[in-house]
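Order-wise, the sequence lines are chains A and B. If you want this note's numbering, it's the 1-based position in the first sequence plus 10. If you want this note's numbering, it's the 1-based position in the second sequence plus 10.
Hints are supplied without guarantee of correctness; some may be wrong.
In the PhoX-like style, the derived pairs of lysine-lysine whose C-alpha atoms are separated by at most 25 Å in a straight line are [unchecked claim]:
hint, chain 1, residue 1, chain 2, residue 2
1, A, 117, A, 55
2, B, 53, A, 49
3, B, 111, B, 75
4, A, 55, B, 111
5, A, 55, B, 116
6, B, 116, B, 75
7, B, 53, A, 117
8, A, 52, A, 113
9, B, 111, B, 86
10, A, 117, A, 49
11, B, 53, A, 113
12, B, 53, A, 52
13, B, 75, B, 53
14, A, 49, B, 86
15, A, 55, A, 113
16, A, 49, B, 75
17, A, 113, A, 49
18, A, 117, A, 52
If you're looking for bench data, these hints aren't it; they were derived computationally from the structure.
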Amino acid sequence: DIQMTQSPSSLSASEGDRVTITCRASQFISRYLNWYQQKPGKAPKLLIYGASDLQSGVPSRFSGSGSGTDFTLTITSLQREDFATYYCQQSYTSPVTFGPGTKVDVK
Amino acid sequence: EVQLLESGGGLAQPGGSLRLSCAVSGFSFNTYAMNWVRQAPGKGLEWVSAITGSGHSTTYADSVKGRFTISRDNSKNTLYLQMNSLRAEDSAIYYCAKENKAVFGKGRFDQWGQGTLVTVSS
Numbered sequence: 011d012i013q014m015t016q017s018p019s020s021l022s023a024s025e026g027d028r029v030t031i032t033c034r035a036s037q038f039i040s041r042y043l044n045w046y047q048q049k050p051g052k053a054p055k056l057l058i059y060g061a062s063d064l065q066s067g068v069p070s071r072f073s074g075s076g077s078g079t080d081f082t083l084t085i086t087s088l089q090r091e092d093f094a095t096y097y098c099q100q101s102y103t104s105p106v107t108f109g110p111g112t113k114v115d116v117k
Numbered sequence: 011e012v013q014l015l016e017s018g019g020g021l022a023q024p025g026g027s028l029r030l031s032c033a034v035s036g037f038s039f040n041t042y043a044m045n046w047v048r049q050a051p052g053k054g055l056e057w058v059s060a061i062t063g064s065g066h067s068t069t070y071a072d073s074v075k076g077r078f079t080i081s082r083d084n085s086k087n088t089l090y091l092q093m094n095s096l097r098a099e100d101s102a103i104y105y106c107a108k109e110n111k112a113v114f115g116k117g118r119f120d121q122w123g124q125g126t127l128v129t130v131s132s
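With the rest of the complex left out, here is chain B (with noise of 0.2 Å):
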């Protein structure tokens, strides 16, 4: 069975950080790229970052290049989303999404975690 499991989210003050992780099981995890979706409170669902398969190549969306980093560990089977400078804006549910395919671009995001829940907030 396929289980992607978000941890790592919580209370950060603005301008801080945290470090969102996914721990995948159920599939070949280095042979899939993987996303980071976001959905404010409410709100649609906003893509936020992709990475390879083999971790060599990534993407963001223009609201979170420069601040946000997505790594993979493929020993661990887990998914990283490093966030700095964290603004009021960026509090959302976080969900880590596995692409059909090694690469990203003209996919599908067939499996999705449960979320995590980020807030920003002084």
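Isolated chain A, as found in the complex (with noise of 0.2 Å):
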């Protein structure tokens, strides 16, 4: 199976804060890489997929960037809604695989 890390594993930022989320892949995956935020008590929502595309619906600050086993997630300014968990997904190989999350809170 292909294993996601991400870093940081959790970071305090301010709103308006711009904030980086790296994620690496242990093996190749192309640009098969989504992004997911999750608020407390809700399920995941997808934000990004295939490394930089936007989901409809989702703002422009999210953006995303990388390919091969190297990924990173931008928020440019952080907004109080954006305080939430963080979840990189491998769809390159079966089986699926998430990254262990990012939780991003109030400094």
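Dock the two chains into a complex; use the hints.
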């Protein structure tokens, strides 16, 4: 199975901050990398697919980049509603696997 | 509006069984693969199983293979997960998630249900 790692595991930030989360795959996954946001008590929500494509309805302050094994999720100006946990997911091979998550909380 | 509504969770004894359902509306159910993803309390996301839109092909995580069975009734717009030989480590919130295409693999989970909690304990 492909192992996904994320860093940092958590971070504290303020509204307006630029936030960057990295995700690394243990093997080549091309651009089959998705990002999800999960708020407490809620289901995950797709933010970015194909490493850099923005899901419909997701604010443009979210962006993704990378290919191969190294990927990044960037939030350019953190808003109150963005405090959540973020997961990367590879869908290049079965089984699909998720990263352990990065919790973004209030500084 | 797309809706996915899970049900069937609850308390089960080790070695017992439960059947989860996911009723969907708002999209052409039979044209999309579907998945089950679980999340143990305070933990991350773990993919469990997937089924193609036609229902002809399925796949499972090693952790549940041989114990869980995914199925779908396209006439009822409903996805199922039959869980047998339950273990304590199966305790989790179980989400159904829609894939963006008819077959699984190289896709994304673009719609999720709200989840149903399964607790396995004596």
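Next on the checklist: Check whether the Cα positions of residue 111(B) and residue 86(B) lie no farther apart than 25 Å.
Outcome noted: holds (19 Å)
Checklist entry - Between residue 117(A) and residue 55(A), does the CA-CA distance stay at or below 25 Å? => result holds (23 Å)
Item to check | 25 Å Cα cutoff - pair residue 117(A), residue 49(A) | outcome: Distance ~17 Å between residue 117(A) and residue 49(A) Cα, so the pair holds.
Checklist entry - Going straight from one Cα to the other, do residue 117(A) and residue 52(A) come out at no more than 25 Å? => result Holds, at roughly 22 Å.
Next on the checklist: So if I understand the rule, the pair passes when the alpha-carbon distance is 25 Å or less; does residue 52(A) with residue 113(A) pass?
Outcome noted: Distance ~14 Å between residue 52(A) and residue 113(A) Cα, so the pair holds.
Checklist entry - Does residue 53(B) pair with residue 117(A) here, judged by a C-alpha cut-off of 25 Å? => result With Cα atoms ~22 Å apart, residue 53(B) and residue 117(A) stay inside 25 Å; holds.
Next on the checklist: Just to be careful, I want the Cα atoms of residue 116(B) and residue 75(B) compared with a cutoff of 25 Å; is the pair within it?
Outcome noted: holds (21 Å)
Item to check | Restraint status (C-alpha distance of residue 53(B) to residue 49(A) at most 25 Å) | outcome: holds (13 Å)
Item to check | Restraint status (C-alpha distance of residue 113(A) to residue 49(A) at most 25 Å) | outcome: holds (10 Å)
Item to check | Given pair status - residue 53(B), residue 75(B), alpha carbons within 25 Å | outcome: Roughly 21 Å separates the two Cα atoms, so the pair holds.
Item to check | Distance restraint between residue 55(A) and residue 116(B), which requires alpha-carbon spacing of 25 Å or less | outcome: Satisfied, since the Cα-Cα distance of roughly 18 Å is no more than 25 Å.
Next on the checklist: So if I understand the rule, the pair passes when the alpha-carbon distance is 25 Å or less; does residue 55(A) with residue 111(B) pass?
Outcome noted: Cα-Cα ~17 Å, so holds.
Checked against the numbered hints above, the structure breaks hints 14, 16 and satisfies the rest.
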